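Number of protein chains: 2
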Amino acid sequence: MPEKIKKAVILLSGGLDSATTAAIAKSEGFDLYGLTFKYGQRHKIEIESAKKVAKFLNIADHRIIDIDLTSFGGSALTDLNIAVPKDGADLENTNQIPITYVPARNTIFLSYALAFAEVLEAFDIFIGVNMTDYSGYPDCRAEFISAFEKMANLATAAVIENKGKYKIHTPIINMSKGQIIIKGIELGVDYSLTHSCYAPDEFGRSCGRCDSCRLRLKGFAEADLADTVEYVDAKK
Amino acid sequence: MPEKIKKAVILLSGGLDSATTAAIAKSEGFDLYGLTFKYGQRHKIEIESAKKVAKFLNIADHRIIDIDLTSFGGSALTDLNIAVPKDGADLENTNQIPITYVPARNTIFLSYALAFAEVLEAFDIFIGVNMTDYSGYPDCRAEFISAFEKMANLATAAVIENKGKYKIHTPIINMSKGQIIIKGIELGVDYSLTHSCYAPDEFGRSCGRCDSCRLRLKGFAEADLADTVEYVDAKK
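Residue numbers (my numbering), protein chains in the order written: chain P, 1 to 236; chain V, 1001 to 1236.
No lab work stands behind these hints, which were simulated from the structure alone. Any given hint could be a false lead.
Unchecked claim - Heads up, simulated SDA-like pairs for lysine to any residue below, C-alpha to C-alpha not over 20 Å straight-line:
| id | chain 1 | residue 1 | chain 2 | residue 2 |
| --- | --- | --- | --- | --- |
| 1 | P | 218 | P | 205 |
| 2 | P | 163 | V | 1065 |
| 3 | V | 1150 | P | 205 |
| 4 | P | 38 | P | 52 |
| 5 | V | 1038 | P | 68 |
| 6 | V | 1163 | P | 223 |
| 7 | P | 165 | V | 1136 |
| 8 | V | 1044 | V | 1201 |
| 9 | P | 38 | V | 1099 |
| 10 | V | 1167 | P | 165 |
| 11 | P | 183 | P | 223 |
| 12 | V | 1038 | V | 1065 |
| 13 | P | 165 | P | 143 |
| 14 | P | 165 | V | 1044 |
| 15 | P | 26 | P | 56 |
Small disclaimer: the values here were computed from a predicted structure and weren't measured.
My request is simple: use the sequences and hints to build the entire structure.
So, in structure tokens, the structure goes:
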């Protein structure tokens, strides 16, 4: 009897980390179910990129979930009154939490992924968190992911009924941006479909100066590859 | 200098457990911030009850969050094709997870509560989970709450910045329904404002036969008090 194909839920932001994570999950033989959030982020153009990535990777079931985190605020990504920093200072000071941190965002995203997984009878959840470059977000750290996994394994009926045990996969957590890009290229990822910029202009062009653009450009430089997304002002 | 009033986030469903929990939190001196979810539940009339309870307890900031769990389905509460059991069988068989369990619901609710708390700079979250009567929901157990609390204390910027430590309060977790009602009456809760029924009729009257009605009626009987909500068919 052939082995049953295992389902996995993948959180897709539209950025290069989640696209690479999805490609890795696929290369491990998982059948992917995508989850993307429209959470009031100012760079909602990334949702279009998430759709393109899902299509490119032949993800059959890709859900876009509308959740409004703007009413809570507290982040430059969800509150238009807080500017996205463009001077790279947050990248220098790794002891400080960047203002682009969105309160409890990954906790909320993973909670929805858990609900989706339970309904699908899937036990594998992939998330493209990364600690190496830009370790300022608390909910991108291995200890957070590990605590979430423990909690998930007490939260659901599926676990009580002994149907399985949840695993939160973070295949790129210890890679540099350059390593992530090299891995993705090996797996055939088309990074021109992805979007990273926190503050794109009205034409969807990346600013080239926010922390997310700076890291992306640094990654392509490390990988010795050209980034094909369009920049207004790309600082190398 | 007078002690600063502590803020707390309270999850309000509109039911009697969360109303009692809110009254307890208030009696402990917390300034309450309410959170209620419109999640596609068939008994959405409970949201009106949550608003009444919030008003009754003078909760200044009560947010109603619209999240759609119907697209995931998997529960009699969010899928109109799955009937709400009315024979009381789920109450007899405590080894089985009731079909009214909503996948990862409390995980999602608590995640939003955590986001709200972080933005408010509050570190106390109250939730009216209960294990004694009707212990069939995995995400109402103390071990789940404890694991969520551990995760929360790794998830946010507020914790990394040493602003405080989250505590998930579950003051009624070990009370029987009768004890909960007696406690609430002591604190002045008006239970006529609350709603418990999973399957109310078009006039908002409680069915009297679903598990939630049965437990509520059992609680009032234990407390030797009359329940003033209107029932279509109240089995004693």
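Status of each hint after checking the structure:
Distance restraint check for residue 218 of chain P and residue 205 of chain P: the Cα-Cα separation of roughly 18 Å lies within the 20 Å cut-off, and the hinted pair is therefore satisfied. For the hint pairing residue 163 of chain P with residue 1065 of chain V, the CA-to-CA distance comes to about 31 Å; that exceeds 20 Å, so the pair is violated. The hinted pair formed by residue 1150 of chain V and residue 205 of chain P fails the criterion: a straight-line CA distance of about 40 Å is larger than 20 Å. With a C-alpha separation of about 15 Å, the suggested pairing of residue 38 of chain P with residue 52 of chain P holds against the 20 Å cut-off.
Restraint check: the Cα-Cα separation between residue 1038 of chain V and residue 68 of chain P comes to about 13 Å, which is no more than 20 Å; the hinted pair holds. Note on residue 1163 of chain V and residue 223 of chain P: the hinted pairing is violated, with a Cα-Cα distance of about 39 Å set against a maximum of 20 Å. This hinted pair checks out: residue 165 of chain P and residue 1136 of chain V have alpha carbons roughly 19 Å apart, not beyond 20 Å. Distance check on the hinted pair: residue 1044 of chain V and residue 1201 of chain V sit about 12 Å apart at the alpha-carbon level, within 20 Å; holds.
With a CA separation close to 30 Å, the supplied pair residue 38 of chain P and residue 1099 of chain V exceeds the 20 Å bound. Proximity of residue 1167 of chain V to residue 165 of chain P is assessed by CA-CA distance (about 26 Å); at most 20 Å being required, the pair is judged violated. The hinted pair formed by residue 183 of chain P and residue 223 of chain P meets the criterion: a straight-line CA distance of about 10 Å does not exceed 20 Å. Distance hint between residue 1038 of chain V and residue 1065 of chain V is fulfilled; the C-alpha atoms sit about 6 Å from each other, no more than 20 Å.
For the hint linking residue 165 of chain P to residue 143 of chain P, the alpha-carbon distance of about 18 Å falls within 20 Å, and the restraint holds. The straight-line distance between the Cα atoms of residue 165 of chain P and residue 1044 of chain V is roughly 32 Å, outside the 20 Å bound, and the hint therefore fails. This hinted pair checks out: residue 26 of chain P and residue 56 of chain P have alpha carbons roughly 12 Å apart, not beyond 20 Å.
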